[in-house]
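Asks: Sequence order for the protein chains is A and B.
Using my numbering, the first residue of the first sequence is number 16, and each one after it goes up by one.
Using my numbering, the first residue of the second sequence is number 16, and each one after it goes up by one.
Each hint should be verified, as a subset may be incorrect.
One copy or any two copies: either way a pair holds, since identical chains are not told apart in the list.
What the hints assert, rightly or not - With a Cα cut of at most 20 Å, we get these calculated DMTMM-like pairs of lysine to aspartate or glutamate:
(1) 385 to 119
(2) 313 to 292
(3) 338 to 65
(4) 107 to 58
(5) 338 to 324
In short, the hints are calculated from the structure, not lab data.
A quick note: this is a predicted structure, and the numbers were derived from the prediction, not measured.
There are 2 protein chains.
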Amino acid sequence: MNVDGKHYRTIWLKEDDANIVQIIDQRHLPHQFVIEDLITVNEVAAAIKEMHVRGAGLIGATAGFGMYLAALHAPQTSTEAFMAALAADGDKLIATRPTAVNLEWAVKRQTAAIAAVGGDIWVRIQTALEVAQTIADEDAEFCRRLGEHGRAIIEEISRGKGGEPVNVLTHCNAGWLAFVDYGSATAPVYAAHEHGIAVHVWVDETRPRNQGARLTAWELGQHGVPHTVIADNVGGHLMQHGLVDVVITGTDRTLYTGDVGNKIGTYLKALAAKDNDIPFYVALPSSTFDWENRDGVKEIPIEQRDATEVKYIQGLHGGEIVKVLLTPEESPAANYAFDVTPARLVTGLITERGICDASEEGVLSLYPEKQ
Amino acid sequence: MNVDGKHYRTIWLKEDDANIVQIIDQRHLPHQFVIEDLITVNEVAAAIKEMHVRGAGLIGATAGFGMYLAALHAPQTSTEAFMAALAADGDKLIATRPTAVNLEWAVKRQTAAIAAVGGDIWVRIQTALEVAQTIADEDAEFCRRLGEHGRAIIEEISRGKGGEPVNVLTHCNAGWLAFVDYGSATAPVYAAHEHGIAVHVWVDETRPRNQGARLTAWELGQHGVPHTVIADNVGGHLMQHGLVDVVITGTDRTLYTGDVGNKIGTYLKALAAKDNDIPFYVALPSSTFDWENRDGVKEIPIEQRDATEVKYIQGLHGGEIVKVLLTPEESPAANYAFDVTPARLVTGLITERGICDASEEGVLSLYPEKQ
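Same shape as in the complex, but just chain A (with noise of 0.2 Å):
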């Protein structure tokens, strides 16, 4: 998607040195635009754990790239050194996020493709360089398809409402920041955009780390979206008052039986929709679903992060980016980063096969070779 009217992606090869990953350190937005320089699996596991780049198709595509570095720089001295310093450095990887299944998605993908070609330690290489690639552009590729099956969504609602604004509410960022391009739960609002269909994003600020408030908004504006930032508390009076449309989010990790772990706070904006009759799609590529769980309330690992992210928030101050402390210095926090969504309140999963109900029974009709 575009930034200051220049088409990027959130990731990609250096153009000029492909020993190089280049990443939009997202810490920054939405007050400075920082290109970061990859070089190492270190400095790729440390931009997923401090979240440099965050979202479930970006860390899975960072992961892909993390293990194409891990390759370039694993010792040559056999095949045997070469492969286990890569098991290592995709350990190390899989471990920076315990919710977003495709970061071990796609460094079991990348392993399994490297350790299934042929040939020296070089062959080995180029493979991980040309999965990195895959996994990146199918990435795209499976946003922008679900995306024109969320329209149809949007351009139904809109054709009830004779052509007035729909409102869309989302929570956190699922859009083409979290993902390699368009993103998740934006896709469809940017495929309604580019269609002509009239769209208002009512946005979640999305504490602690207020992912709504400085991606989500950030990206609407820079591709000319109408939009609206909301504290997390507002959804629900917005549904009593019919001003909410359709929920679209995006997740982390969706199970094959439809419960979806996403951003904490997700759980209780499907509770205000389901009380107010609103339809709660979650938008996901399939690279996104869990195949082995069952009970996302019980299965899904929920992280926990550091109580300073709740403590303190970072904004701009007199030009400068800053953190402020927002509680009592003494006052305990918790940071309980993900939560579960139960399968009963979600009308719809968005994939880039189709729609299908949040069951076992509707994901399955749209990946049979699941079965």
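Since the structure of chain A is provided, determine the placement of chain B on it from the hints.
Replies: For chain B alone, kept in the frame of chain A given last:
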């Protein structure tokens, strides 16, 4: 309650000068403890509107003292001129915050008492002072009593848990800082704590103005009550995992039919409590009842405040309180300050007369004189 070990109310007449009302300017908490002198009714109106003071009971008490200051400075040329000035000042005070029912209640109580008393203007001024003091004293006493009723709920849960700490979740600040003393939602907590019942409070930070993170955390900390600050998004997850035993909130206006107007986001917590079979109580002195309206979602006016309260946040940086920008400069924001929790989601109302169902029948059983 105590600040650094010394007992304070939130509003009082200055010890050596009955022409001056003193308040804690809560905008500086938790970082600075500032006492402010109020001399004119315009200063009182500004203190309410700009939220130097806030919270159902304290707004009422401040309006009560505001009418005393109004009487003190009204023209004494004739009773008519005096009463006309009072009426105009009363309207000015009522206009400061549309949702808080205590505001109009206190102004009307003052106007009626001042009009009813015979004698010269000096007697009327004395009456205004007495009524202001009575409103404040009653507020403190009602909160103390409702705290005792609410303590029984916490005590019973404590017995069921074999004395393990009872986890109370609260939203916003319905603490002593929102009243004259004790608070509403916190009164049962303070009462339990005083009686040696182990209790722990999950404090919703309560964006956009963070009354939880700033005020509730501070006052609980000053009193030694164990607590943990959480983002507003977290409560549902905690409830899904058995980490909340009871929700107790305050209210800015509760209809006699049981619908509860309170800080934006309360409705979302009530939905989550319902979904997880967790009791959801609302604590209020009777001054917060609205005896006229019947349908909260339709009839309670919801204040919209300035968007800058969402886009900027205040915190401590390098020893100074500063405001930082959170969103893209050009992104619009909306700032609905309250929402309505329908009676069907409320387990019970904790009042100074006891606990009742959140229904017309329940409320009138405690307040038969309103039938």
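Asks: Taking the earlier hints as the rules, which of them does this structure contradict?
Replies: none
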